[in-house]
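K.L.:
We have chain A; now place chain B onto it with these hints.
Residue-level listing of the chains:
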Amino acid sequence: MNRSATVRAAIAFLALLPIVVIAVVVGLSLGAGELSLGNALRGIEPDATVLFRLRVPRVILAAIVGAGLSVAGVALQALLRNPLADPFVFGLSGGAAIGAAVSVAASGTVLGAASVSFAGWVGVLPTQLAAVVGALAAALLVFTLGRTRGRLHPERALLVGVVFNSFASALVIALEAVLAPEKTQAVLLWLAGTLGYEPGPVLIAAAVVVFAAALILTALAGRLNLLALGDEGAAALGVDVEWTRLISFFAASAAVGAAVALTGLVGFVGLVVPHAVRLVAGPDHRVVLPASALGGAAFLVLADAIARLLFRGLGTEPPVGAVTALLGAPLFVLLLRRRT
Amino acid sequence: MRARATIAALAVSLPAAAITRQHLGPPVPAQVRRIVTLAPSLSEIVLALGAGDRLVGVTRFDDDPRVAKLPRVGGYNDPEPETVLGLHPDLILAQPAPENRGPVETLARLGVPVEAFALDDLKQIQDVIVQIGTLLGLGERGQALRADLVTQRARMRVKAEGGPHPRVLLVFGLDPLVVAGSAGFAGELLRDVGAVNAASDSDRPFPRLSVEAAVRAQPDVVVVCGFDPPAGRAVIPGLPRVRVERLRSTALLHPGPRLVEGLDDLFVAVHGKRAP
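For the protein sequence lines, the chains are A and B, in the order given. So that you can map any letter, position 313 of the first sequence is 1238 in my numbering, and since no number is skipped, the others follow by simple counting. So that you can map any letter, position 42 of the second sequence is 43 in my numbering, and since no number is skipped, the others follow by simple counting.
Same shape as in the complex, but just chain A (with noise of 0.2 Å):
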């Protein structure tokens, strides 16, 4: 890393962290009801419950997925040299969408049970894990589709991946025909994407997951800023194109699956965040990166924050991946007329 790029990236961590412990602090203190930090503190319920065992590990979880879906926007914007690529372009979305309409269908069959104590086994729900299987076996379907003659085409996977999703999707839909009402609701909650509570060691896993997955990306950063230069310049410069591509690819996909299965479908978080980062920090994705994975998990946390407040007099909240549209797509546009 030469001098400007570590000079930049220092600026935009001392920029950042302090907008991550406000967010934190922020989404601590907000939810249903008024919260004492004394009483909290000193075991007094149910301010205690509500603080450790409710807020922490939500928190927790927002920053996760929020910074596993930014660094994977990241690095699918550069692998694809498209700045329109979100996390869930590679068909993620609509394999991850089958998988849970699929379980969801099947609870109450023989499969059904037998998933429901594989996945005990494992220690996520059913849901979880069929989203993740369905959101990866479409990875790689459209990473295959996406090839010939062993090379892999971004414009090529990149409609493969949109023509995906609409067959998904068309596919749920047929699919929520036939279930009962209460189970497409529990669909249609889980595709807006919901912020839920996950027992520690399953946070512990994804957080490892989405830290290796933003480490290994923040290694190939210098790799993935030469992709710009398209795949004959950055392999006369010495980078091995395909071998960038498909490390990337899969630690990007190993990121989103971890928040697929906590979170479902959490929209514009991929998508908004590389680019507001990239406005303060410009296109080095050596800055980029790490960049992205501190802001998205301070935008998650704040837009979770946001979800609790909103409807907070009827005791209900809207799923986060409602609010995360709603600022994230005036945000975007703003964004795009300031580029411009």
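Since the hints were derived computationally from the structure, they do not count as laboratory data. Please read these numbers as outputs of a predicted model, since none were measured by experiment. We put the CB at the ideal spot given by N, CA and C, even for glycine. Careful, some of the hints might be misleading.
To be verified - Footprint (simulated), chain A over chain B, 3 or more residues, beta carbon under 8 Å:
(1) 204–211
(2) 243–253
As the list claims (entries may be wrong) - Quick list of the computed label-pair ranges, beta carbon to beta carbon:
(3) B:ARG247 with A:VAL981: 28 to 36 Å
(4) B:HIS89 with A:ARG1081: 54 to 62 Å
(5) B:PRO165 with A:VAL981: 28 to 36 Å
(6) A:PHE1236 with B:PRO231: 21 to 29 Å
As the list claims (entries may be wrong) - If you want the ones that stay clear, here's a sample from chain A, every Cβ over 12 Å from chain B, calculated:
(7) VAL951
(8) LEU962
(9) VAL1133
(10) LEU1151
(11) LEU1239
(12) ARG1263
P.N.:
Okay, now just chain B, sitting in the frame of chain A:
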């Protein structure tokens, strides 16, 4: 699992169901011989009135063994007009909901009398039993069924009077968390068995609750209805030690004569023993 759908459908339909009774299409004949019901509770009312032999079609959610052999005409939200017409009914009993409005109105336009009844709270349910009895020429039987429900509720209130009065969260679904609010029949039955509804802040019949709001409600007992609690996890995160009870049957999901049974189930779940 099927029965759980009742509550999901109710939860969706309730905000729009300001009308308690609605007649559509031509007048109901004096002698009703062929009935199609578009909700399991309505089938159960007809059965309890002793007119099960007049049922010719029910929904795919009907699970009463006495209607097991009858043709299915779709669900509450998506009744199939073609199938219903093919059964030549002279009366359709429906529950008003925004989702089934299209097909139900179509059936009325095509010349089948439709009677739609809201089954949201106990007063409505008790009235509907009498009203359907009158429609079928079984007014006395309807009055008797209504009296039975009223008596059972009064008996339960007397048994529960001396306490204890635990705080109860009556849960119908986890994704999203749907509970019994203070309005609606489930909330009323909770009061009948002497429980304090932990979700009584909400004046909606089947509110969606955030997990944090559920934890803040500090229930003594979580009663789940119509589904198995997830294995190896707390039903409500943050409440790992709360007593969780599963209702013995899904009777509580059937707003009709089966609520008598539902009331017993609820008493056992809340107090850990049968009503003396």
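K.L.:
Going back to the hint list, which numbers does this structure go against?
P.N.:
Structure breaks hints 2, 11.
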